[in-house]
Amino acid sequence: MARHKKSITQVYGIENWGTPYFRINRKGNVCVDVHGRDGQTIDLLELMEQVRSKGIDPPVLLRFPQILETQIQRLHQCFQNAIQEFEYSGNYQAVFPMKVNHRREVIEDILSAGKKYRYGLEVGSKPELFVALALQMHPEALLVCNGYKDSTYLRLVLDAHDMGRSVVLVMESLDECRLLLKIFKREKREDLPMLGMRIKLTSRGSGKWEQSGGDQSKFGLTSSQILEAMKLLEKAGCNRYLKMLHFHIGSQITEIRRIKSAIREAARFYSKLKRIAPSLQYLNVGGGLGVDYDGSRTSSDASANYTMQEYANDVVYTIMEVSDNEDVEEPTIVSESGRAVVSYHSILVSNVLRDLDGFNKDLNRIEITDEHPQVLIELHDIFKKTSAKNYREYYHDAIEKREELLSLFNLGYLSLEDRALGEDFFWAICHKTLGYSRRAKGTREEWDALARSLTGKVIVNLSVFQSLPDYWALEQLFPIMPLHRHHEPADRNVVLADITCDSDGVIDRFIDIKEDKEFLELHPPSKKPYYMGFFLVGAYQDIIGDFHNLFGKTNEVHVLADPKGGFLIKRNIAGDTINVALRHVRYDADALLKGFISMVENAVEQGNLSKTSGKKTIDFYREGLTGYTYLKD
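Numbering (this note's numbering), first residue to last: 327 to 959.
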C-alpha cells in the first residue's frame, strides 16, 4: 500500500504541479476542479468515455473555460491584494498577449471573463491587430500594440484611435517613431493615440528564454535612443501623447530575483523619464510570470521559485519603493501575463495504441533439454534459480552468458531460433533482477542503469511536432500521466513514441520533483483503452505546432462544470481532416481525387482491377480524404 501511495503522490507529482485544479479521486481517476477550491470536480475518464460515445476520437484537446476565468480572477486579486497591503496609490490593469494562444474561442472566453477587470489585449503583428480590432472589449480595456510596424500597421492603429479605442502604440525603434510622425504631419492630424516606448533593459530573465532580455535583446530602445525619440516627439509637438513605458525580459522567468532586478531598473527608467514627460502614466512590466510545470517551486527551467501572489507583491512593492525614492507619482501597472493565464485550461488526451515493451513472454513453460546448446541450458538455469539472495551474482553471470551467446551466433554455431530464445532468457533474468533490486536496500547506481536499459516503449496516438512543439524544439517539459487506474501500481518504465515517422517524435524526459526522469511509470497493458493526459499545454502549443507527416490539429472539446453536478460539453470542434491538412501544403483534394480515379480506371482497363473493386477503391479513397489525420484504436 505504501508503494501505491508513492506512485500517486511522488511518481507523477500531481499534488505539486496540479494544485489547485487537478488531483486523483477515490476511483483512481484524475479529476479537474475548474474553480480550484476543493469543490465539484470533473472525472476525466468519465468525460473521455462520453466524448468517445459522441464519436469524437482521440487525440482530443480538452479545454476548460472556467479555469481561464479562475486564473484571470486570481491574477487580478493578487495585484489588488498587493496594492492594498502596501497602500500603493496607483492602479493595476492587465492585457492578454494574443501570441500565447490565438484561438478565437479562447480569446473570446478571456475577454468575457475579464470584462469586469477591464482586461485588454496585446498584439505584436498586423494580423493580430486586425483580429483585436473586431473583438468586443471593455471600453476602457487597453489594446497594447507591440512588434515591428509598417505604415499599414500604424494606419490601422490611428483608425482604432479615431474609433475611440483605448489603444497604446508602443514604439520599438526610432524608425517607427519617425514614420509615425511623418504620417502625423502629412495627414495634418490633430492628435495621436496613446504612445509607448519599449526600453531595452540591462537586466535579463532566467530559464529557457533568458536571451529575450539584456543588452542583446531583439526589441527595445536604449537610453540614448529614448532621449532621441523624446526630442523627435517634442519637435513635432507630440510629447504629450507619451503614456506608457514598456519592457519585456522573457517568458517563463524562473527566478524571482531576476524579476525584481528588472522591475527596479524599469521603475528607475520610468521615474527619470517622468520628469521629462509628465504625461507618462503606465509602466508595462511585460510578461514572464512563470508556471510551475514540475511542481518543485525551484528555479529549474520547468518551474518557478515564486507564487503568483509573491510575483504581484514584488512588482508592486518595488515600483512603489523606487517611485517614492524618486518622488514621482506611482504609475498604473500593466502586465502582459499570458502563460500563467492559459496554461492550466488545456489538457491533451490521447490513447496508447500499442505496446512495444521489449519483453512480455512467459518462459516458465518452455522446456530446455540436453539437446539444446550449452549456453541456452546455462541461461535457462540462471533464469530458474535467480532469487532475492543471489540476484546480484546471477545477473553478472547472465551478462557473461549473453556475450557468449552473441559470439557463438556471429561465428555461425547457433541458429536464429537459439539466439532468440537465449535473448528471451537474458531479458527475463534482467526483469527478475530489477524486481528484486527494488525491494532491496543499499546502492542503486547499477540497478538504475539496468532500469534505463529495460525501459519499454509505447506508441501514443499524437504528433509531438503538432501538439507539443515546445518539448521537441526547446525541451520544455510538461506534466504527463495516465488519466486512470491509479488504484493500481504503475511499475512499468516506458518512453512515449508518437505516430510520426521521425525518430525525434519520442518523449523520453519527464518531470520529477527532484530531477528530470528518463522514463514514465505506466500500468500493465489491458484490453481497455488506456488514456494519457498531457497537462498545462494551453500556452503556445496550439499555434506553433507544425504539420510534420501532415498530422493536423486535433479534435477539441470545451467542457463546463455543471452547477448541479457533473459536466456539460459546451462545444466540440472537429480536428483537421486529411483534405484540410493537404490544403496546408497546397494540394487540392478534388484534383487528387480526379487523378486517383484516372489511375484506378486505367488499372481496370488493363485488367488489374475489376470494375467492382475499382469502384470500392475509389469510394474508399474519397471517404478517406474527409477522415481524421490520426489513427483509430
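Worth flagging that the hints you see were computed from the coordinates, not collected in a lab. Where hints are given, some of them may not hold.
[Unchecked claim] In silico BS3-like links for lysine-lysine, alpha-carbon gap of 30 Å or less: (1) K452 with K508; (2) K854 with K843; (3) K941 with K896; (4) K840 with K783; (5) K508 with K598; (6) K442 with K380; (7) K557 with K508; (8) K380 with K879; (9) K441 with K452; (10) K353 with K942; (11) K511 with K586; (12) K853 with K353; (13) K783 with K711; (14) K380 with K942; (15) K890 with K942; (16) K840 with K586; (17) K442 with K569; (18) K715 with K758; (19) K557 with K511; (20) K854 with K879; (21) K758 with K783; (22) K896 with K783; (23) K526 with K508; (24) K511 with K452; (25) K598 with K586.
### Task
Could you grab the alpha-carbon distance between K598 and K586 and see if it respects the 30 Å cut-off?
holds, 18 Å
### Query
When you check the alpha-carbon spacing of K557 and K511, does it fall within 30 Å?
holds, 16 Å
### Message
Check whether the Cα positions of K941 and K896 lie no farther apart than 30 Å.
### Response
Judged against 30 Å, a Cα distance of about 40 Å means the pair is violated.
### Task
Verify the proposed pairing of K715 with K758, using a straight-line Cα cut of 30 Å.
holds, 12 Å
### Task
Decide if the proposed pair is consistent with the structure: K441 and K452, CA atoms, cutoff 30 Å inclusive.
holds, 24 Å
### Straight-line alpha-carbon gap K896 to K783, limit 30 Å
violated, 36 Å
### Task
Quickly compare the C-alpha distance for K380 and K942 to 30 Å and report which way the hint goes.
Status holds; Cα separation ~27 Å.
### Task
Quickly compare the C-alpha distance for K526 and K508 to 30 Å and report which way the hint goes.
With Cα atoms ~24 Å apart, K526 and K508 stay inside 30 Å; holds.
### Query
Regarding the pair K840 and K586, is the alpha-carbon distance no greater than 30 Å?
Answer holds: K840 to K586 is near 26 Å, not above 30 Å.
### Query
Taking 30 Å as the top limit, are the C-alpha atoms of K758 and K783 close enough?
holds, 19 Å
### Query
Would the pair K353 and K942 pass a check requiring their Cα atoms to be no farther apart than 30 Å?
Roughly 46 Å separates the two Cα atoms, so the pair is violated.
### Message
Between the alpha carbons of K508 and K598, is the straight-line distance 30 Å or under?
### Response
holds, 28 Å
Violated hints for the displayed structure, listed by number in ascending order: 3, 6, 10, 11, 15, 22.
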